[in-house]
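**Student:** Line by line, the protein sequences give chains A and B.
Read in order, the letters of the first sequence correspond to residues 1 to 494 in the working numbering.
Read in order, the letters of the second sequence correspond to residues 1 to 310 in the working numbering.
Simulated from the structure, these hints should not be mistaken for laboratory data.
A quick note: this is a predicted structure, and the numbers were derived from the prediction, not measured.
Check the hints yourself; a few may be wrong.
[Claimed, not checked] Stretches of chain A that chain B covers, calculated by requiring three or more beta carbons in the stretch to come under 8 Å of a beta carbon on chain B:
no.	region
1	331-340
2	358-371
[To be verified] Here are some chain B residues the structure puts well away from chain A; computed CB gaps all over 12 Å:
no.	residue
3	Phe12
4	Thr81
5	Phe129
6	Ile174
7	Ile187
8	Leu227
9	Gly281
10	Ile282
[Said to hold, decoys possible] Here are some chain B residues pointing at chain A (derived, C-beta under 8 Å):
no.	residue
11	His177
12	Thr178
13	Ala186
14	Ser189
15	Asp192
16	Ala193
17	Ala194
18	Tyr196
19	Ala197
20	Gly198
Every residue, glycine too, gets a C-beta built ideally from N, C-alpha and C.
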Amino acid sequence: MLLELDGIQKRFGGVTALRKGALRVQAGEVHLLMGENGAGKSTLMKIVAGMQSADEGRLLWRGQPVNFRSPRDAAEAGISMVHQESLLAPHLTVAENIFLGRETARYGFVPRQKLLREARELIEQYGFPLRAEAQVRELSPAGKQMVEICRAIRHGSSLLIFDEPTSSLSEAETREVFRIVAQLKARGVGVIYITHRLEELRTIGDHVTVLRDGETVHTSPLADLSMDQLIRHMVGREVSAVYQRERIARGPVRLSVQGLSRPPLLKNLSLEVHAGEILGIGGLIGAGRTELCRAIFGIDAISSGTIAVDGVTRQLRSPREAVAAGLAYITEDRQRTGLALGLPIGQNITLASLHRVSQYGVLNQSAERALETRFLERLRVKAAGPRQLAGRLSGGNQQKVAIAKWLAREAGVFLFDEPTRGIDVGAKAEVFALMEDLARQGAAILMVSSELPELISVADRILVMKQGQFTGELPAGCTQEEIMHLAAFKESVH
Amino acid sequence: MRTSLWQRLLPFLTLIALFIGLIIATPNFFTSTNLSSVVRQTAVINIMALGMTMVIITGGIDLSVGSILALAGCLGTMTMTSGFPVLAGIAVGVLTGCLAGLLNGALTTRLRINPFIVTLGTLLIIRGFALILTNGMPVQNVPKEFSFLGEGSVAGVPFVLLLLLIIAGAVHVILEHTKLGRYAFAIGSNPDAAFYAGIPVRFHTTVIYGLCGLLTGLAGMIESSRLMTGQPTAGQGYELPAIAAVVIGGGSLRGGEGGVVGTLIGAFIMGLLSNGCDLLGIQPFVQQATIGAVIILAVSVDELRKRKMV
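So here's chain B without its partners, still in its complex pose (with noise of 0.2 Å):
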């Protein structure tokens, strides 16, 4: 309920044009390969864009998600490489990346940086720590059940589809059932209005950074499976989307405004979109130019309806 009907009804109906313009114009795109290959591409940005949106609607950002990611990768497989089960290895990727998004938490409210600034900053500092790690090399040799995790399917479903719809169910109730959602909101909405209601302001965006770096640690894993290496050069620019698709779905960068539902319909906009230049034979250097103009459009336009509203 915190956008208007229309506002979410607007990229939903975009989606589902886009949907069904492509399956008129090319016969290999209502196909369960490429629809789940769609799926399976677009996971970990999706899951990375879940973490984003709770960052945004604090009226954060996270520019480091990329750099989280790799290292996230790294460490998991490292893990798995020296003997340990999967599942430790996972466990030990997704930590790292909820450590990583409490650092970023902690210096942007314990030093009062503007937070695109701080995760510029580890942007680097962490794709640095990554690269040394692993001396630049990707880690290679991971166990072969690890290869479920990114393309592994459950009763011909993709898994990687449950688990997205599993975190971005977990992502609605936070943002709109929790008490820690609802600061994140008031947070972004009015900083100082939250801080003399005497919400501990500090401690919420830092678990929100937290948050968004677990599930960045995640995203990593997935992307480490599907590529079934640890590559230290993973990532790189993937904020970028992860930025669009909240945006695209409804999310403010002057925070206070946001949603699951927006942000996955932004992610698959943007999904589809690569995935129909592809199957229409169109150039990848004119797909970079269209996201770019949706990403654009579907803000100006949202933009046009809040001023209407006014």
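If we strip away everything but chain A, and leave its shape as in the complex, we get (with noise of 0.2 Å):
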């Protein structure tokens, strides 16, 4: 036995993160860590990687009693992190960065040479698709993420942490990172692999572990579990892992865009969505579809092409001019695009309405208060109150706090972009139930999305790109299979 955990206990000031957190990990198995969002997965991990100590609790390292006291400590034992968000040094090179903090400096002076060596025959020796002297900022999320892992591996760890390494990569990508780990695995390292996304798991996992408001409430090996008693321990409560959808006859076309051109991607694209009807648009990463939404949303610029909202044809040249026509985008990346973290949840919310609350530009407090209370309450967004700060709230109560901004607004088309990234399960259905709300008030909504059965089960139409253009149309309940073939294969219709 590799890592033994047992009764890990950790609070912050009043909030409890883990209460009887375990986990054993052996040498040469991939580990899945389970959960939704606050379930207490990344302190539990944060606490063997050494960057958080334990309150409670025992923490076996190969047998022995161990506290590490920082992520050095534990880097020395042999335990490392695959983080989430790059932590690189984007101006320095491939190899600067897999030895950044360990160079075997002489005399304070770095062999470059033999760093590069070095760096290359980690990188051969897995054969990464990474070359040595590239410098980091030049790289794809998916090169970030294989440098990182060189870097977890530069000193032969035995136990190797994965933080959600695959939520913002292709499929292809995501095929890569998992060959590496069969590598590590083959060559006996022990893995743990966070993960939200279900439809990776059997392809890699050997055990899973699940957590549970801050306490592991399964373990087992994972060829003994179905995916739906996988998501019951999850979430604690019976949820299909598709959405269902009732379908809504749908209305006129209240967003209609044509011929939309954006050099050097996007190329004259057209689209209409109905009112009460969910448009899915699917692709690659990389196929232009975030670039199609801030186009319509008028933070990039179009060089041809019209967009009418409603009937009328705008010139949307900015967001707000986007707003003010009836539109709304809960972007990709909510922390940095979508919420302003260190403002109140109540805040966030009125962000977009506060004309509806202030009168010659002075704020009507009970009316502001009001409105928030509304949306909050609406969107069962778990929190202490409108005060507390957005940065503080889960992921999934994150997302509704976004989408409350818009709902504030009364908007009447919404551009949903990856609605459910890193989001938990249960978030998820409330996501979903709420876009079908939107859509049988009559609003008209366009949903990107990477995960394909979410764009089978969601949307009433799907349009898919490749390469800045349509390649096809697929109407509700096609195959993932239809999608893959559309997104990767087929030629441009133009």
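Join the two chains into one complex using the hints; note that each chain is given alone, in its own frame.
**Tutor:** See the structure below:
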């Protein structure tokens, strides 16, 4: 047994992040760690990696009780973590990043050639698609992830922790990460893998441990567990993996985009979304789906084409004009572009609708409070109250606040860009229910998603994008293979 | 309600402790003459710091306030010496400050240059302009009535104190109860999220710089009134205590945090420190070092507290 954790407790102020964390990992296995957001997975892993210390509980490393005081302590014992967000120095090379902080310096001088050679050896050994002398800022997200992995294994770690490594990667890139995980496993390295993406599991995991509300509620070999059982353990209630939608009769066209182009990526894109309709946009990472949303929302200028909202052709040159026309954009990166994390939840909700609660620029506090409370309750945001800072919420609840901002604004056309990224199963179902509710009330919804099962079950029809063009349209209930075919192989229809 | 009670309380307790300490340590501190001189001395920095608070909340900074103060003072007093009424002169000074602030805001938002660089540039430009305008000589022979602004009293209370309280109230209302204030916090907390929410980010940022300039212009007139001249070299280095007051009071240079009460406390802490050192006969050199230490101490305590809460 490589690692044994028992009865781990961790509190942050008044909040208990972990109550009874337990986990056992053997050498040469891939151990999946699952649970909803806020279940305590990341906290548990930070304790293992020496980034935080447990308040109570037992941590055994190769049978010996240990207490890592810093990531360096853990790394010296042979435990490394591959982080979700890139913690790399963008201006340094791949080789310099791999050995950052561990350079074998001679009298303070770093021998460049030796560094490069060692990095190249490591890269070749595992077959990473990397060049040791490339600058990290020029790499794709997947490339950066690879550098993170190199960094974690540079000193022959015996336990590697992956914190949702594939959430921002394409299919092909994900396969590449899995190949490397399989290699590590074959070399007898223990791997702990945190993930939200259920469909990835089968191909990679041996064991699974499920955390719920800071407590380990289940652990078993993955093969003994059906997907439904797994979801049940995670949420503690029955949730169907795929959303069941009620179809709604569609009304008039609310958003019409004709011949939209923005060099170099977007070419002659046309689409229509009706009232009551959810139009799915599928495609691989880099196909231009987010760029399409940005162009419609007035963030990036378009070189040709027209956008009409509710039958009126509009020149949308800024988000301000798009919002005034009735558009709403729930961005894929809510932390960067969706929320002001340092402000209270309530102020985030009313941010786009202050005109509704103010006169001559002066805010009416009771009206604002009423608006905040209405949407906090309607979306069932789990929070201490409207004064709680948005940054203190879990991913799912942050997403609800980001959506509430546009509900408060009474927008009519919604652009949802990866609405379920990084949120847990329960919150996903709630987000879909909300989208359906909006559609029922006559909103037009455009939904970009990389999760094919979600597109298939939530959208009324699906447009598939490849390299900035639409390659085809599919009806609800199509297969994942059909979407992948259009997204990856189909030649453009134009 | 922007900041937690504890965050507000700590600087306040420091101020109280300082106050009580000075009453005990020096007999001359708790006298109306001394207290009103403290108020008059700190009023200029206080008013500038209130403007700076708004700018820092948006995540910006204005290094040019010292120069704006000088230019406003010169133009205002020149208006008076050319025969216009005192009030017209004050209006010209305030307006000058406002225009200079709007220029800072427009340059920052339109050219998308870091405000540190923009206002470092305008610091030199505006100072140069004030020197050219006056040929480097102070503006003299200003009307006697003008001294009321900086030195006058109403029912025994220094007029500048009343002015400061009114301005503090107004800035507080702007920050906490208007759209402009809310947008300032949102822009400072996350400019991208504010932009994506359809907020006219550049417009509101520019207005905030304009307001900072306006208050600085008024501070310039108060400074001139106290000196009874328009000094083109006035206000050199004033940007630093103004920024320090905001930061001691809990404002963050990363934006999204700050408030009127905190800034006033920060400014008074520095004012009392310097007054106390004078009364206790401590060398001015030591004074400077003390204030520097207080700035670092205040901010580090604040950072520690924030980290604990996460």
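**Student:** Please go over all the hints and tell whether each is borne out by the structure.
**Tutor:** Comparing the hints with the structure gives:
1. 331-340: holds (count 6)
2. 358-371: holds (count 5)
3. Phe12: At roughly 21 Å from the nearest Cβ of chain A, Phe12(B) sits farther out than 12 Å, so the non-interface label holds.
4. Thr81: Holds, because the least Cβ-Cβ distance between Thr81(B) and chain A comes to about 38 Å, which exceeds 12 Å.
5. Phe129: holds (33 Å)
6. Ile174: violated (9 Å)
7. Ile187: violated (9 Å)
8. Leu227: Holds, because the least Cβ-Cβ distance between Leu227(B) and chain A comes to about 37 Å, which exceeds 12 Å.
9. Gly281: holds (44 Å)
10. Ile282: holds (39 Å)
11. His177: holds (5 Å)
12. Thr178: This hint holds: Thr178(B) lies near chain A, its Cβ roughly 5 Å from the closest one there, short of 8 Å.
13. Ala186: holds (5 Å)
14. Ser189: This hint holds: Ser189(B) lies near chain A, its Cβ roughly 4 Å from the closest one there, short of 8 Å.
15. Asp192: holds (5 Å)
16. Ala193: With a minimum Cβ separation of about 5 Å from chain A (threshold 8 Å), the hint on Ala193(B) holds.
17. Ala194: Given a least distance of 7 Å, the restraint on Ala194(B) holds.
18. Tyr196: holds (5 Å)
19. Ala197: Since the shortest Cβ distance to chain A is 4 Å, the answer is holds.
20. Gly198: holds (3 Å)
The structure fails hints 6, 7 (numbered hints given earlier, in ascending order).
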